[in-house]
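Student: Fit chains B, C and D to the known structure of chain A by using the hints.
Protein chains in written order, with this note's numbering: chain A, 451 to 708; chain B, 451 to 708; chain C, 7 to 291; chain D, 7 to 291.
Wrong hints could be hidden among the right ones.
[As the list claims (entries may be wrong)] Distance condition first, Cα-Cα at most 25 Å in a straight line; then the derived DSS-like pairs of lysine-lysine:
1. LYS622/B - LYS74/C
2. LYS155/D - LYS629/A
3. LYS155/C - LYS145/D
4. LYS629/A - LYS197/C
5. LYS673/A - LYS599/A
6. LYS572/A - LYS73/D
7. LYS145/C - LYS622/A
8. LYS155/C - LYS155/D
9. LYS696/B - LYS274/C
10. LYS623/A - LYS155/D
11. LYS74/C - LYS22/C
12. LYS74/C - LYS572/B
13. LYS623/B - LYS145/C
14. LYS145/C - LYS145/D
15. LYS155/C - LYS145/C
16. LYS622/B - LYS197/D
17. LYS286/C - LYS274/C
[Said to hold, decoys possible] Residues of chain B placed beyond 12 Å of chain C at every Cβ, according to the derived structure:
18. ARG466
19. SER470
20. LYS572
21. GLY601
22. GLU646
23. LYS671
24. GLU680
25. ASP694
[Said to hold, decoys possible] Some chain A residues close to chain C (C-beta under 10 Å, calculated; not the full set):
26. ALA525
27. VAL529
28. ARG536
Since the hints were derived computationally from the structure, they do not count as laboratory data.
Remember, predicted model here, so these are calculated numbers, not experimental data.
Beta carbons are placed, not taken as given, at the ideal position from N, Cα and C, and that holds for glycine.
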Amino acid sequence: MNDFTPNEMMTIAASRALTSQDVCFVGIGAPSAACNVARLTHAPDITLIYESGTIGTAPDVLPLSIGDGELCDTALTTVSVPEMFRYWLQGGRITIGFLGAAQIDRFGNINTTVIGDYHTPKVRLPGGGGAPEIASSSQEVYITMAQSKRGMVEKIDFFTSFGHGDGGDQRKKLGIETKGPTLLITDLAIWKPDPETKEFTVVSMHPGVTREMVQETCGWKVKFADTLEETPAPSELELKTLRDLKARTEAAHKGQAG
Amino acid sequence: MNDFTPNEMMTIAASRALTSQDVCFVGIGAPSAACNVARLTHAPDITLIYESGTIGTAPDVLPLSIGDGELCDTALTTVSVPEMFRYWLQGGRITIGFLGAAQIDRFGNINTTVIGDYHTPKVRLPGGGGAPEIASSSQEVYITMAQSKRGMVEKIDFFTSFGHGDGGDQRKKLGIETKGPTLLITDLAIWKPDPETKEFTVVSMHPGVTREMVQETCGWKVKFADTLEETPAPSELELKTLRDLKARTEAAHKGQAG
Amino acid sequence: MARFMPLEQAVRENLKDGDTAAFEGFTHLIPTAAAHEAIRQGFKDLTLIRMTPDIVYDQMVGMGMAKKLLFSYAGNPGVGLLRRVRDAVENGWPRSVEVEEHSHAAMANAYEAGAAGLPFAALRGYRGAGLPEVNPNIKSVTCPFTGEKLAAVPSVRPDVTFIHAQKADKKGNVLIEGIIGIQKEAALAAKRAVVTVEEVVEDFADAHPNLCILPHWTITAIAEVPGGAHPSYTHGYYDRDNASYLEWDDVSADRDRFRAWMEDNVLKAKAEDFAVRVEKLRVAK
Amino acid sequence: MARFMPLEQAVRENLKDGDTAAFEGFTHLIPTAAAHEAIRQGFKDLTLIRMTPDIVYDQMVGMGMAKKLLFSYAGNPGVGLLRRVRDAVENGWPRSVEVEEHSHAAMANAYEAGAAGLPFAALRGYRGAGLPEVNPNIKSVTCPFTGEKLAAVPSVRPDVTFIHAQKADKKGNVLIEGIIGIQKEAALAAKRAVVTVEEVVEDFADAHPNLCILPHWTITAIAEVPGGAHPSYTHGYYDRDNASYLEWDDVSADRDRFRAWMEDNVLKAKAEDFAVRVEKLRVAK
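The following block holds chain A by itself, in its conformation from the complex (with noise of 0.2 Å):
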């Protein structure tokens, strides 16, 4: 049982820093993993939020799209969509906005729009969504990707989200009141922004991650913290949460035919 792959680490260690206090809004793929194991197992009364108008989730299978029938069933309320960026993002309610990326930087500002030139893309990724103001409107924004090169950027293509721009108070020189990106979770390590800079610096290492690891799949010389903890591995009852939430998906996908 303690085997476990580096994106189950990414996973569970994402899931910790949530809390049952905490109204998140859950972006798709490994975010929306991270906060249904938070809730079931230490953050059962955790609001989930995804951006099809579904308020206090709680689905028994991951939903493939933000907007699977499982989330509405599951639902305390479903409002629509205009309600949900207006009333519940924008009125300032969400305590974590919680994001995946395809191009990070480290200031936390995210591309998910196009590689190369807007206008003439080498690629054209699917763009923003709820993106551009769950980073400004969330109260504090979690990130979490599995770490690469081609990921892990000197330089964004573009900036679907702004985290902290240049670094420093930038958020607040462009009217963000916000706090923007506090943690980033990868399969390697917890990240967080230095309090000044707001650089993102690793201040915990994954178990059996060393620091040559971290370095060669980001493309920045990556900051570490003077005190670097070791992130606990994953517990049995997080590992079996993950990975039976993770069966019953794949269950429940693949059963259904055209």
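Tutor: Same frame as chain A, now just chains B, C and D:
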């Protein structure tokens, strides 16, 4: 059965102006009675909307307020008040806004706000409620009120809602694209605005009414159309429908004790 | 996070002298019991917000609790004028009251903007109307695409909003049904939201997914007060007491009679009395 | 006034070359049958609006029907990219497509403003984001009370909106349940609204008063098309066909395979085929 009061004639004449195709934003009082008589006689498919959010309502008794439970019970759907004013009224979906008035002038401008100066009023009336935007956003406005020198005045004390202003094309000049008041039904006559000046002009007098009676109860010098019609007397069905409705209403409202 | 408590405590902990307070309800679900509790606790210098101040605000103004009213229709619905409000505005009795007056459309939009965290609301409104001349809080914005000029009003953000609702569940989620009015927006726009409910149920598991529900984490305090909307009504529980609204027109016509009525029916009463008042008005479930 | 008619007629009468058209549905209730009918009828030069263009717009773009896309998230939800949209944007195959891109918040507000008859929507959005630099339709307004600068976007007013819903009643009123998304706003914002429904029932007399209902006089045409949202789903009728979304990732990866699939599954198919496609996905009532 041929006996009827001027007030009954007023309500029934007003009801005849409505059709099954109308989407009518209903003010309380005389407009409410007229709209429901129309629904119960010649316009069964008329859509009645009250500002409390009830759409397509069909009350068995007249509501005392714009938010009686009966309105919700019999409605197609009930929406929030902001939605009512944004999507339904401002959205341009109301064909007829039906208003009453405390004070009116010859151009259909209405005052239900104050008698006397606004800041030191002689009588503080309830105010406009929905009227300012009912008057500007409905495709047309019908007004109904009993005639009196106090009510039909040369100059209103306050512009609660805008009719035709000083007449002519003043609505257009103010950027109001809708038709404004196109019909005034009193207990004595039916009035329509002159095509050019927009001054309300008597086009039909109710049975037994004389020009003198109309003038004596009106604070401005009344204009009469060249060809003046006589409003057809209430039919048996109309009168019975109205009286039954009033009787049901009275019984319902008196039957309750605190 | 919603905490359940007696109404007396909920009012005491969440309202204070000088607050900007909304007791909202659009004919339906008027939080009368909460307003009466506020009257008993004798607050002063309140700015009272409500689209349709009716007899509850007539009572609070008549008791001298309000320094300012922000409203869009100050009448006894279907009956007539508010005589205590008139006495305050026209004669300054028992104290003068400042008035900030809007249209329904503007106030509905202002609450909506408050719930949406915006500083103002834009609407196609007030054209040709007299209110912009007497209310400096009606300004304008210009559409940057079409050049159209629209009315602008500040969003409404009360210190505290009181509403009445059908049900809370045990976690403190609140369900509002029927004529839902402006209550969701009024609660979300406020710093603190206090809710009285007809009853507390286990959960809303069987409720339709699209109903009007306020999650427990949007609410400060909940008090169970059966009948708490009387003489307004609670859809599914009891009917509107239209006779009481008609009666109020007499009671409020005279200062002494008003005072005596308030003494008997509010100052000497308590939240539990509301259940008795609606007994004959209850509807078959 | 809603008229009932076959889908073929509803599309033919309400869509034309060059139109600005929204086929809306937020994961749930995507009007696939209507989109496929539009593909069969071979329209050109459409401006396609949708918050979440998914495989339906991938198909329409791949068939060369769109000259412009207005959207906020162009992905196959939970699966990946839209390969036909990519091919059009990156390589101009089968034709180049103009892109107007917003955030979800901006588009939701733009539809909302369209339904509300306003020319623009204001939101606290886009701060620090890159889109305002590449989209000239993102401007700003200043709050006349606080001086705060907010983002402004033009309201969305499609020539025609297509949506799918659970039920119509015999008068043509339409009921939408579950994840209601942006459909009410999209229908009300449009000049013409076309609705496909799972079934037609007598009336909605037993429905809860606060459900999402579009009155018949807001709708142009209604066609009964059971299964019409497949591979999306209809809450209460059948589940989302997630396998089909995964399959599309393969189908759409290759131009020839895409064309062949479209020939077999869309061009040679008809509206009635949708009922068969959802048979195995039906949920217990």
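Student: Decide, hint by hint, whether the structure agrees.
Tutor: Against the structure, the hints come out as follows:
Between LYS622/B and LYS74/C the CA atoms are separated by roughly 36 Å; this puts the pair beyond 25 Å, and the hint is violated. As the CA atoms of LYS155/D and LYS629/A are separated by approximately 19 Å, the hinted pair is consistent with the 25 Å bound. Taking the CA atoms of LYS155/C and LYS145/D, the gap is near 16 Å; set against the 25 Å cutoff, the hint holds. Proposed proximity of LYS629/A and LYS197/C is supported: the alpha carbons are some 20 Å apart, at most 25 Å.
Pair hint LYS673/A plus LYS599/A holds up; C-alpha atoms about 16 Å apart against a cutoff of 25 Å. In summary, the hint linking LYS572/A to LYS73/D is supported, as the alpha carbons are separated by about 20 Å, within the 25 Å threshold. Between LYS145/C and LYS622/A the alpha-carbon distance is near 28 Å, which puts this suggested pair outside the 25 Å criterion. Proposed proximity of LYS155/C and LYS155/D is supported: the alpha carbons are some 17 Å apart, at most 25 Å.
For the hint linking LYS696/B to LYS274/C, the alpha-carbon distance of about 38 Å lies beyond 25 Å, and the restraint is violated. Of the pairs offered as hints, the one joining LYS623/A and LYS155/D holds, with about 13 Å between alpha carbons and a cut-off of 25 Å not exceeded. Restraint check for LYS74/C and LYS22/C: satisfied, since their Cα atoms lie roughly 15 Å apart, inside the 25 Å limit. With a C-alpha separation of about 19 Å, the suggested pairing of LYS74/C with LYS572/B holds against the 25 Å cut-off.
Restraint check for LYS623/B and LYS145/C: the C-alpha separation of about 19 Å stays at or below 25 Å, so the hint holds. For the suggested pair LYS145/C and LYS145/D, the alpha carbons sit about 20 Å apart, so the restraint of at most 25 Å is met. At most 25 Å may separate the alpha-carbon atoms for a hinted pair to count; LYS155/C and LYS145/C meet this at roughly 10 Å. A C-alpha spacing of about 23 Å is found between LYS622/B and LYS197/D, which places the hinted pair at or below 25 Å, so the restraint holds.
Between the alpha carbons of LYS286/C and LYS274/C the distance comes to roughly 22 Å, so the proposed pair stays at or under 25 Å and holds. Once the 12 Å rule is applied to beta carbons, ARG466/B is consistent with being away from chain C; the minimum gap is 24 Å. For SER470/B, the shortest C-beta to C-beta distance to chain C comes to about 25 Å, beyond the 12 Å cut-off, and the non-interface label holds. A Cβ of chain C approaches the Cβ of LYS572/B within 12 Å, the least distance being about 7 Å, so the stated non-interface status is violated.
Residue placement check: GLY601/B keeps its beta carbon more than 12 Å from all beta carbons of chain C (closest about 15 Å). The beta carbon of GLU646/B sits about 19 Å from the closest Cβ of chain C, which is more than 12 Å, so the claim that it is off the interface holds. With a least CB separation of 24 Å from chain C, LYS671/B remains clear of the 12 Å interface cut-off, as annotated. Look at GLU680/B: its CB is around 33 Å from the nearest CB on chain C, clear of 12 Å, so calling it non-interface holds up.
With a least CB separation of 19 Å from chain C, ASP694/B remains clear of the 12 Å interface cut-off, as annotated. With a least beta-carbon distance of about 6 Å to chain C, the hint placing ALA525/A at the interface is held under the 10 Å criterion. Interface restraint check for VAL529/A: the shortest CB-CB distance to chain C comes to about 8 Å, inside 10 Å, so the restraint holds. Interface restraint check for ARG536/A: the shortest CB-CB distance to chain C comes to about 4 Å, inside 10 Å, so the restraint holds.
Consistency with the previously given hints fails for numbers 1, 7, 9 and 20, ordered from lowest to highest.
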